[in-house]
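Novice: Here is what each chain is made of, one letter per residue.
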Amino acid sequence: MWVRAWNKFKRNKLAVFGAVFVTLLMLTAFVGPYLLPYGYDQIDYTAVYQGPSVKHIFGADELGRDLFSRLVYSLRTAMIVAFGSEAITLVAGVAIGAIAGYIGGRTDNLLMRFTDIMFAFPSFLFNVMLIAVMGRGLFTIFVAIGLTSWVGLARLVRAEVLKIKSREYVEAGHAMGASNWDIVTRYILPNVTGPIIVTMSFGVPGAMMTESALSLIGMGVAPPAPSFGALITAGQRFVLSYPHMLLWPALVFAFTLLSFTWLGDGLRDAFDPRDN
Amino acid sequence: MLRFLAKRLGFMLIALIFVSLLTFTLMHMAPGSFLDAKRISSGDVSGDEQASIDVIAEMEKRYGLDQPLWKQYLMYMEGMVAWNMGPSFQFPQMSIEEIIARAFPVSVTLAVLSVALSVVIAVPLGILAAVRQNTWWDYGAMFLSMIGNSIPAYVLAVFLMLLFSLKLHWLPTAGWTEPKHVIMPVLALGLGSVGGIARYMRTSLVEALRQDYIAAAWAKGGTFNKVVLGHALRNSLIPLVTVLGPQLARLMVGTVFIESMFRIPGLGQYFTLAANTRDFPLLMTSTVFFAFVIMGMNLIVDIAYGFLDPRIRFE
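Heads up: the sequence lines are chains A and B, in that order. Numbering of the first sequence is given in numbering that gives the first Met the number 0, commencing with residue 0 and proceeding in unit increments. Numbering of the second sequence is given in numbering that gives the first Met the number 0, commencing with residue 0 and proceeding in unit increments.
Chain A extracted, bound-state conformation:
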């Protein structure tokens, strides 16, 4: 499965582009902050509102903070939130989906009704309230997003587990006396890896969108820490006089999201069992 998927992935140009850019963006987000000449809250009074220059390649904001540094830190915030929330999604989604699908019966019914209700609850409203309760911070934001985004994965895992659990080799496992835990983790779940990876790869840009949307309405990371949403809100105030403050955050953010989508599309095609 892996070899075939990799071969298919390699041939998809857009997907390889996406993978390369995502790697670069991740390096920028996690190594970049140590190489930057300015901190995200470092003020340079001589550069207030300045457009792009040699000193500040993307210009500076209303307090003279370097826009490029702020963007790198925004990227870092977005990545931490996205990967953190995806980790929660993975654990919750796989656990709930696998338990519901494998045990079945009343447990399945109960868990799936709960999932249905969570699905019907507009997750964004839930996010806003969770953050109102837990406070604005990096940690609380990814927990809030993670707690609301496992529903899709849980449904997917349940459906796959239901499909796989009646296969012959699973029966053979039962016959050989494998424990339920072994059956689920070693017989069934490895076969669901593909769909899980695909779902997660679309979850990352989704979580980034939610994070920046939250800071757009003032529920994101607390200032002065930067986030794409906060930069866009700030830039919008000065759009007619200092458009660079709005242009760069929007461009970098859009590009980040697109890279992840290309990667995700490529993975989806690569793991699609239907065609070759």
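Simulated from the structure, these hints should not be mistaken for laboratory data. None of the values given here were measured: they were computed from a predicted structure. Built from N, CA and C at the ideal position, the CB exists for glycine as well. Treat the hints with care, as some may be off.
Unchecked claim - If you want the footprint, here are the derived chain A segments under chain B, 3+ residues with CB under 8 Å:
| hint | stretch |
| --- | --- |
| 1 | 114-127 |
| 2 | 186-200 |
| 3 | 255-262 |
Said to hold, decoys possible - To give a feel for the contact side, a few chain B residues facing chain A, derived at Cβ under 7 Å:
| hint | residue |
| --- | --- |
| 4 | 17 |
| 5 | 18 |
| 6 | 27 |
| 7 | 28 |
| 8 | 150 |
| 9 | 151 |
| 10 | 252 |
| 11 | 256 |
| 12 | 259 |
| 13 | 271 |
| 14 | 275 |
| 15 | 293 |
| 16 | 294 |
Guided by the hints, dock chain B onto chain A, whose structure is given.
Specialist: Frame of chain A; chain B shown alone:
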């Protein structure tokens, strides 16, 4: 049909009760309340300890905050069912039903215009992509759909703003007082869904064009207008209804940010304000109302789908 409706309505009711309970619990777990802020500010202004205590006690009584929690919850629910929810913390002169009555039409206008816009662009685009499979039309439509799916409306809004306000000086950057103000928010919300709907339209039309009765229609010497637009399109429009439901729901949430970006006094704006200021009555009611609208829309779409396509049975 009736059984289906009863089942769905029952589920909706349970889900709404769950939403309201969760909202209520979370609200009361949140540190700090609107009255805390009031307490500090009123204490500062008058310097008279007793007076501010009196004010707070008066407010607590007016909003029923001196009642036990379960009673408060029932009060909210009763208010919502009876459409008589009393004043909010933030706007003591206005009742919440007045706020909703004023703000909701604004959000609906935004959402409906955006859906209309995206359908008007997406359906012809999808038809072109299906008829001219694997040409630039097709790739263009698919590319648009990818962009629309991966870039949120508020980022799209930024680019529109840079184009229409900064470069062309055609449109104001924010506001909601003249017709001009409607254009950018609707474009930002609508263009995002064009790709998705076009893609769906393409798939479903391609599917329809492969059917035997289409081959028969061509064989009888049918023209493009007759075969594609007359026979195939009619059947391929039905599945489109299913995407419009989630699309509308997505738009309702999308309006929250677009409203905040363009300073539009819609329901999303009030929801954000309520969450930021701990305005419990307004937060509680706007959350439940939002959830109600979204679930209701999905139900209507499901019912409409059943009517349009007799092969679908209500279960």
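Novice: Indicate, hint by hint, whether the structure satisfies it.
Specialist: To see whether the hints hold, each was checked on the structure:
1. Taking a C-beta to C-beta cut-off of 8 Å, the stretch 114-127 of chain A contributes 9 residues in contact with chain B, enough for the three needed, and the coverage statement holds.
2. Look at the stretch 186-200 of chain A against chain B: 0 of its residues bring a Cβ nearer than 8 Å to a Cβ of that chain, fewer than three, so the hint is violated.
3. A stretch counts as covered by a chain when three or more of its residues have a beta carbon under 8 Å from one of that chain; for the stretch 255-262 of chain A and chain B the count is 4, and the coverage holds.
4. Of the supplied interface hints, the one on residue 17 of chain B holds, with its beta-carbon coming within about 5 Å of a beta-carbon of chain A, less than 7 Å.
5. The restraint placing residue 18 of chain B at the interface with chain A holds, with a minimum CB-CB distance near 5 Å, inside the 7 Å limit.
6. Here the hint on residue 27 of chain B is broken, as its CB sits about 9 Å from the closest CB of chain A, past 7 Å.
7. Interface restraint check for residue 28 of chain B: the shortest CB-CB distance to chain A comes to about 5 Å, inside 7 Å, so the restraint holds.
8. Satisfaction of the interface hint for residue 150 of chain B is found here, the shortest Cβ-Cβ separation to chain A being roughly 5 Å, below the 7 Å cut-off.
9. A cut of 7 Å between beta carbons decides the hint on residue 151 of chain B: the least distance to chain A is about 5 Å, and the hint holds.
10. For the restraint placing residue 252 of chain B at the interface with chain A, the shortest Cβ-Cβ distance is roughly 5 Å, inside the 7 Å limit, so the hint holds.
11. A least Cβ separation of about 5 Å between residue 256 of chain B and chain A falls short of the 7 Å threshold, and the interface hint therefore holds.
12. Annotation: interface hint on residue 259 of chain B holds; nearest CB of chain A at approximately 5 Å, less than 7 Å.
13. Taken as an interface hint, residue 271 of chain B checks out: its beta carbon lies about 5 Å from the nearest beta carbon of chain A, inside 7 Å.
14. The criterion of a C-beta within 7 Å of any C-beta in chain A is met by residue 275 of chain B, whose closest approach is roughly 6 Å, and the hint holds.
15. Residue-level restraint check for residue 293 of chain B holds (minimum Cβ-Cβ distance to chain A is 5 Å; threshold 7 Å).
16. Restraint check, residue 294 of chain B versus chain A: the minimum CB separation of about 5 Å is within 7 Å; hint holds.
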